[in-house]
Amino acid sequence: MPEGLKVPSSISPEDRQRLQQSGIELSMINRCGSYMQANQDILHATCSAEGIEVLSIADALKRYDWLEEYSWKVIPKDRDEFTKAVAAQENPRGYVIIGHKGTKNILPVQACLYLGREQIQYVHNIIIAEEGAELHIVSGCASGKHVGKGGAHYGISEFYVKKNAKISFTMIHTWGEEIEVYPRSASIVEENGTFLSNYICMQPVKKVQMYPTANLNGRNSVARFSTVIIASPTSYLDIGSRAILGAKGASAELITRAITRGGTIISRGEIRGNTDGTRGHLECKGLILKNGIIHAIPEIEGSVVGTELSHEAAVGKIAQDEIEYLMARGLSEEEATATIIRGFLDVKITGLPEVLQKQIDATIDKAESGF
Amino acid sequence: MALCSWLLLMMTGYRAALAAMKSNVAPYMRERSWVDHKPLQGARGESKSMGVFLLPCAAGEALMIPGENYICVHMLEITDLHVEVGEKEILHDINLKIGDGETHVLMGPNGSGKTSLLMAIMGFSGYKVTQGKIMYNGKEITHLAVNERAKAGIGLMFQRPPTVGGLKLGKLLTATSGEPKEAIDAYAKAVHMLTFLGRDVNKGFSGGEIKRSEILQLMVQHPDFVMLDEPESGVDLENISLIGAAIGKLLEKDLHIVHRKKSGLIITHTGFILDYLDADVGLMMCDGVIKCRGNPREMLKEIKERGYRECMECQKV
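So the sequences go chain by chain: A and B.
Okay, so the first sequence: first residue is 1 according to our numbering, each after it adds one.
Okay, so the second sequence: first residue is 372 according to our numbering, each after it adds one.
Certain hints may be false.
For each label pair, taking beta carbons as the anchor points, the in silico distance ranges come out as [claimed, not checked]: (1) E458/B / S310/A: 37 to 43 Å; (2) K248/A / E458/B: 57 to 63 Å; (3) E299/A / D607/B: 44 to 50 Å; (4) G351/A / S496/B: 40 to 46 Å; (5) K574/B / E81/A: 30 to 36 Å; (6) E299/A / K504/B: 29 to 35 Å.
Everything labelled a hint here was simulated from the structure, so no lab data went into it.
Beta carbons: idealized from backbone N, C-alpha and C, even for Gly.
Model the full structure from these sequences, guided by the hints.
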């Protein structure tokens, strides 16, 4: 039995629950390693699995000189005010996860980022899957229930998927109504590499703005972005994903399910086909449950013969015939509506370990029961 | 006890049965709710101290006592029903009675209003009842919510059900039945749908698969009144017997007429269903009106020979 996660006693039971809701196993069962950062304090960075390292970024940079080659390379320091602010930190915080050559472990590493005070949390992460390695990460980000105005999270994540390697990164957000969140992430995927990025945000948050990019530089590389978001009345979610198909055989799939219960969602997506023999599909489906905004901006840009790109976007309400179909089986209108919404949010991600798919399903189930 | 009352009624005539019922009434008696406007709780098993009882019609109808104390109630009783779809009246003055254990087949040309009648009985919002009423087991359901009708025992097999993305068939069956997984699996196996339980409801299903999925949903639901909208359309020959048998079971056609309580209203163009179960009554619908009522096989034969032309002229209701 692994020992439990080092959670400070100042974190209330209620907030512990919020962490669990974000995919963090406090017992560390079913997790092969853990990183925990509360505010700017790193409390935990361990991994019991052979071939996988979980380190704080400061330790990792000390231990491995070569890591400089990966730091601020796929995301430039001066990209925007948020990257600049993280780069300006004297004592950088964040984690480095390395899956060494050929390592495969289907149990995920968990990274817990907890904000317990009205302050800005700065995080810089580097995740590397070396040749043939397979890494699964669940990143649970949560704030204390009562953290008020001024709380923010700036998170930089750089992903490197080497030849024949695979990274799945599942980020679950449970922020508060006053928190602003600016993740900045990008990945480079080499030959036959696979990058799966899943993002789930079902709880109220003031603002999330992000537009992660996957650079598919290697032949037959694959990227899949799956996004499930719900905007509460006070939430503003500007969320996108981008794939650049830069080598023959590269393919990308960007899937979004968005629901507004009164808040605003800007759902962006972009696929660029710069090489022949590439494929990309972008899909955004939105449900408006209460008057709010879902603004889908799908973009596809093909620049050579032999790239096939498509997009599909739909925004609407729940179909009455579906509700009544289920009512004809005996479900009440409320049950039928909830059942259809749960179905709408159902995203099955190819290549994701069962434990993570279950985690995603459980997170959605829990939020969905509130409809 | 219920059976006893009926057997007595059948074998010894109504006077003996009457005596038996007075002391032993409950299961087959129904409260006369539509007379005194008191809602019925459940379909059966109600009695009233006043001494006015409702008896199921159907098989025993001929033996009914034309007295004050006992009134025969059909499972479904539609009176003077007018229905609008999109502000256009499409069903006019529909009168229909279906008793316990009876199966009626509804025939008629495309667009004559058959599906609309089923949808109106089920209570779909696009089908607005402007006049008349629908009684189910002595209780008015004209304006009841769809799920309340389903709970009361009405089941509908859709001709073209919608796809519900992300909802697994198995999950839907569990949600509607509350039966354990093993029981649901057994039903699914019987209609060759076991491998579909993990698939989204109706998504990418073929014509025959949709019918089997619909039948399966009804099997799990255990309706007393079964409405089937063209159960044979799009089904291959091999599956037709499977579906026919499943429908027969739904309608308790394997039971003796005395024990049979489930009733049905089936829309059919081909009459294939008649090869698997005996229907009691044939109904012919034309231009939103039920024009004929008669022997289903004879009516089908007539249609095959002369088309629906006769329908326009027939007034035998």
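_Range first: 37 to 43 Å. Now tell me if the beta carbons of E458/B and S310/A are that far apart._
holds, 40 Å
*Starting from the hint 30 to 36 Å, judge whether the C-beta atoms of K574/B and E81/A obey it.*
violated, 45 Å
*Could one say that the CB atoms of G351/A and S496/B fall in the range 40 to 46 Å?*
Holds: the Cβ-Cβ distance is about 42 Å, inside 40 to 46 Å.
*asked:* A range of 44 to 50 Å was offered for this pair. Does it hold for the Cβ distance of E299/A and D607/B?
replied: At 45 Å between Cβs, range holds.
*Given a hinted range of 57 to 63 Å, is it respected by the beta-carbon distance of K248/A and E458/B?*
holds, 58 Å
_Given the hint of 29 to 35 Å, is the C-beta distance from E299/A to K504/B inside that range or not?_
violated, 56 Å
In summary, the structure is inconsistent with hints 5 and 6 from the numbered list given earlier, while agreeing with the others.
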